[in-house]
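Asks: Given next are the chains, with one letter for each unit.
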Amino acid sequence: MSAWFSPDSIDDALALIERHPDARLIAGGTDLLVRRRSEMSDIPLISLERVAALQGIEEVREDGMLAIGAATRIAELAVSPLLAANAPLLQRAALSFGAPAIRNMASVGGNLCTASPAGDCLPPLHALGAQVELIARAGRRRLPISDFIVGPGRTSLAPGEIVTRVLLPSRDRFAWQAYEKIGRRQSLAISVVSFAALLRLDDEQRIAEAHLAWGSVGPTVVTAPELANWLLGKPLDQSLIDVAAERARAAVCPIDDLRAGADYRRALAGNLLRRFLRRVQHG
Amino acid sequence: MTKTTNDVNALAVGANETRADAKAKAQGREPYAADYYPDGVLWAGAVRPGARQGVAHARLLAIDTAAAAALPGVVKILTAADVPGTNRQGIVHKDMPVLVGDKLRYAGDPVALVIAESREALRQAIGLVVVSLEPLPAVCDPVAAMAEGAVRVHDERADNLLAAAEIRLGEGAQGLDHCDVVVAGSFSTPVQAHGFIETENGVACCAPDGSLTMTISTQAPFRDRMEIAHALGLSFDQIRIVAPCLGGGFGGKDGATVQCLLALAALHSDGRPVKMVWGREENLLAGYRRHSCRVDYRLGANRDGTLEAVHCRLVYDTGAYAHLGGEVMALGMEHAGGPYRIPHVLIEGQCVYTNNPVAGAMRAFGVCQVTFAFEAMIAELARELGIDPLALRRQNALLPGDTNCAGVVVGESTGIADCLDLIAGHPLWLERAAWKDAAPPGTQRGVGLAAVFNAAGYGAKVRDSAIAKVELTGDGQFVVHNAVSDMGQGNAAAFVQIAGHVLQQDAARVSVRQPDTATAYPSGSSSAGRTTFTFGNALIVACEQLKARLINRAGLLLFVDDDSTLTLVPGKIVHQASAREVSLARLAGFLRDEERSCLGEYVAPLCPDPGTGKGFFIGFPHVVFAYGAHLARIEVDLSTGQIRVVDYLAVTDGGQVINPAMYDQQVHGGVAQGLGYALMEDLATRDGQVLAGDFSRYLIPGALDLPEITSVACPGEESRGPFGMKGIGEVAMNGPLPAVANALADGCAIHLRDAPLTPERVLLALESLAEESSQ
Chain A
1 MSAWFSPDSI DDALALIERH PDARLIAGGT DLLVRRRSEM SDIPLISLER
51 VAALQGIEEV REDGMLAIGA ATRIAELAVS PLLAANAPLL QRAALSFGAP
101 AIRNMASVGG NLCTASPAGD CLPPLHALGA QVELIARAGR RRLPISDFIV
151 GPGRTSLAPG EIVTRVLLPS RDRFAWQAYE KIGRRQSLAI SVVSFAALLR
201 LDDEQRIAEA HLAWGSVGPT VVTAPELANW LLGKPLDQSL IDVAAERARA
251 AVCPIDDLRA GADYRRALAG NLLRRFLRRV QHG
Chain B
1 MTKTTNDVNA LAVGANETRA DAKAKAQGRE PYAADYYPDG VLWAGAVRPG
51 ARQGVAHARL LAIDTAAAAA LPGVVKILTA ADVPGTNRQG IVHKDMPVLV
101 GDKLRYAGDP VALVIAESRE ALRQAIGLVV VSLEPLPAVC DPVAAMAEGA
151 VRVHDERADN LLAAAEIRLG EGAQGLDHCD VVVAGSFSTP VQAHGFIETE
201 NGVACCAPDG SLTMTISTQA PFRDRMEIAH ALGLSFDQIR IVAPCLGGGF
251 GGKDGATVQC LLALAALHSD GRPVKMVWGR EENLLAGYRR HSCRVDYRLG
301 ANRDGTLEAV HCRLVYDTGA YAHLGGEVMA LGMEHAGGPY RIPHVLIEGQ
351 CVYTNNPVAG AMRAFGVCQV TFAFEAMIAE LARELGIDPL ALRRQNALLP
401 GDTNCAGVVV GESTGIADCL DLIAGHPLWL ERAAWKDAAP PGTQRGVGLA
451 AVFNAAGYGA KVRDSAIAKV ELTGDGQFVV HNAVSDMGQG NAAAFVQIAG
501 HVLQQDAARV SVRQPDTATA YPSGSSSAGR TTFTFGNALI VACEQLKARL
551 INRAGLLLFV DDDSTLTLVP GKIVHQASAR EVSLARLAGF LRDEERSCLG
601 EYVAPLCPDP GTGKGFFIGF PHVVFAYGAH LARIEVDLST GQIRVVDYLA
651 VTDGGQVINP AMYDQQVHGG VAQGLGYALM EDLATRDGQV LAGDFSRYLI
701 PGALDLPEIT SVACPGEESR GPFGMKGIGE VAMNGPLPAV ANALADGCAI
751 HLRDAPLTPE RVLLALESLA EESSQ
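For the record, the sequence lines run as chains A and B.
Each step along the first sequence adds one to the number in this note's numbering, with nothing skipped, and position 87 is 87.
Each step along the second sequence adds one to the number in this note's numbering, with nothing skipped, and position 72 is 72.
One chain only, chain A, in its complex shape (with noise of 0.2 angstroms):
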């Protein structure tokens, strides 16, 4: 048995990291703990989910973002009116979330700190230009989600560090957001791609502003932001989303493992795409 101990403020966290440098933090646990069945690890945990600040979802006044606390529950976000409004993809992810009991315990923040490659709302917070906040005994800082992941399993978390808040810039413009999960059941199963896109539309039927992301297609989410550039200005028929399509095959680097193999994943990254695009295309 390890040692367990369960802050209820930011500083008493803080100050128990400082105390034991060896300790992990846990939310949910539902990575974390399936971990250490076979790891046999008895490191101290510190529990950040009776942290009230760490709790809940909510619009920050001063920069119009909505911010996400990072022990907040997938099972919020996915019944969360202001997600509803703002970010329906974000929701949607939630949704294909494991399954009831997962979500019911797992938070947003230990989806991002686990950072695999396959984690469900990864892909949504890219295409949505979340930033991540992290809190130190030194200071606040920001970074893009893209700067927060940098590997598979390995995040730029400093130690003595934690996730504060997920913050999401507007996105309200986006008249077309899908998320799409492809797993190899239709529940309680690890993504073998998933992809995320947020599309608008000029007066005239051009692409006016596009952010793609696709899951478990690399070590990191895929976010192919040359192809989102060329899509630009173009208008969408039949040639240019056939086109985009094998762009978004080639853009991916995903591997084979026991859940797929690679071409499969790749063909997968370019059939989503192209059943976005058919979906805006028809309106």
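Please keep in mind that the hints were generated in silico from the structure rather than gathered at the bench.
Don't be surprised by glycine CBs; every beta carbon is placed ideally from N, CA and C.
Keep in mind that a hint or two might mislead.
Stated by the list, open to error - If you want a taste of the chain A side facing chain B, the calculated C-beta under 7 angstroms gives, among others:
no., residue
1, Arg185
2, Gln186
3, Trp230
Dock chain B against chain A, hints included.
Replies: Just chain B now, with coordinates in the frame of chain A:
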């Protein structure tokens, strides 16, 4: 509270009586073996170094237990040198060491057994046992294992063959020479895990007199005694096995799992109880599993669709040890020609040792592998001939009195034609064209069929008998002493219903005691679709005897000489004419202890040897079969290759139905497990190491992956079965894979020969089809 019929009326066979175990299970009160934690219990666990060191075949050089033994809470560490007896377990072929002494034959082979005061100490100690291995070349492919000069899994088996056999009818493969049309195909099927919820476990205690009492999650409590006794040099009557309800079995708890290790631990625990529970990872490494299979077929017919000849070769990978591999292969072979009339047959089977984990018994025991291939061949033949696939099956379906592909003349209860006719008249079949046309954009729909059958009983040369005991308690209640484990399929509830029916008692007056070798009698295993058939027949005999005895004693008390005027009703015996009665409680008071119990015995029918088989050891052939016709309607996502099974219809010939709801549950469960096999389940290995070692990687279907399953019972009667029933626990498992594969061929014109039918395989096949057609 409203009274249900169960409260007042006698139980009736054929009625939807509430399962006797429903309430206790819904309330979480039904005890399973895993629930027993006796005071002062010790924990036992196996050291399996192959998986840890990534080795599947290795010489065992040394075991250093010093560090583990020094850990506080560690009681003892045992190795092969501590195993008395033969140190060999196995149901038929005893080739599996309890603890390995010389070499590891697969990644899960145990080399040491640790006994500790706590689960935590056990876990740590297992990690501290240092095992030196000298890796040997491993052979993990069954075809390579049969090649000249291949690595030997067992030194005495040069060809690595556990079993090889053939079935020949008519002109055999030559029959193909004069067929108008011949279709051919090669198929492979995956390893499937049983996926039961309650993993392998038990608790054991050795008394000062040397007797062992064990509570085990087991399908074969009586046979376990023999297996343990043989392996550990004990006498079987020293061993008492108690078998509570199982949290699933599906064949995976038929034969020793924890039994011998746990008995060995108990012998070294100074009279303290000792418990062993395999985790899920251990279950998927060291538990049994379904045989993967490679299958080659040629099937020939005349232009008019009459099947003429079939030739197939089946290769079953049994892994490192025999378990029931030879018998699994035998049953697969017996079904390899489908439920059809085919005059010329050659079926060749081989069951091969490899350094893979151990394959063994699993629901549809060797049959679902061949059904996939055969039913795909029939579908292909229908396309080739331009005949409706249902009509082609119906035209060739076995009828009573026909000879099946094993040369057995099938009996009156052969309902495959009737099952197919019920499909033919069902809206899911009749309205298929309109349904397919209504496929949403980006999808394609297909409809597929499968005609299946599955033998019941052990087959030739294995005595298939049961001894049932029913008891009137001192207070006038009835207890059925079940002797064949209830793994969830509901046989114990069926026994209550049968006893209540014969003894004319209501649910409150009949209970069941789960198997205990000290109080019940040897009745074989809970397996092979024989559980309710064989034990149920014995139980009817016992109940009728007891009923006659009670009527006789009531006649003495009531001064009535005509038995026919006495009626057994819930709780009493009544003489209608005089309105006099005697309660069963009072009657019980007049009976001596030994009079209050009756035993009934039954031996299942045997098949006369048709002289068609060569190389079979036991288990060939069978004489009672359940039949089924299945229909799957699927929708394929053309962007992802995902298959959604939208509707599923399973028509089953199981003879008469004891309990319609339980009948449907068996079919639903079989179809669900079969759809898992069709769509996703694959306990793959690489170099003998399990890849999908837990339930996050080994996927079984969830509620969202399964369609509404319509179960239809085909009317029929098996005259030898209790109340005309046949076992249907296995037959439903055979349909889903071929039905879905045939639906895929129907909807998308792709013919997948390797299961499971994953989205990846589907999409890549769709893409190559598109490339072909654009060229």
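Asks: Are the hints correct? Go through all of them and say.
Replies: Hint check results:
1. The criterion of a C-beta within 7 angstroms of any C-beta in chain B is met by Arg185/A, whose closest approach is roughly 5 angstroms, and the hint holds.
2. Because the smallest distance between the Cβ of Gln186/A and any Cβ of chain B comes to about 4 angstroms, under 7 angstroms, the interface hint for this residue holds.
3. The criterion of a C-beta within 7 angstroms of any C-beta in chain B is not met by Trp230/A, whose closest approach is roughly 22 angstroms, and the hint is violated.
Comparing the model with each earlier hint shows a violation of hint 3 alone; every other hint is respected.
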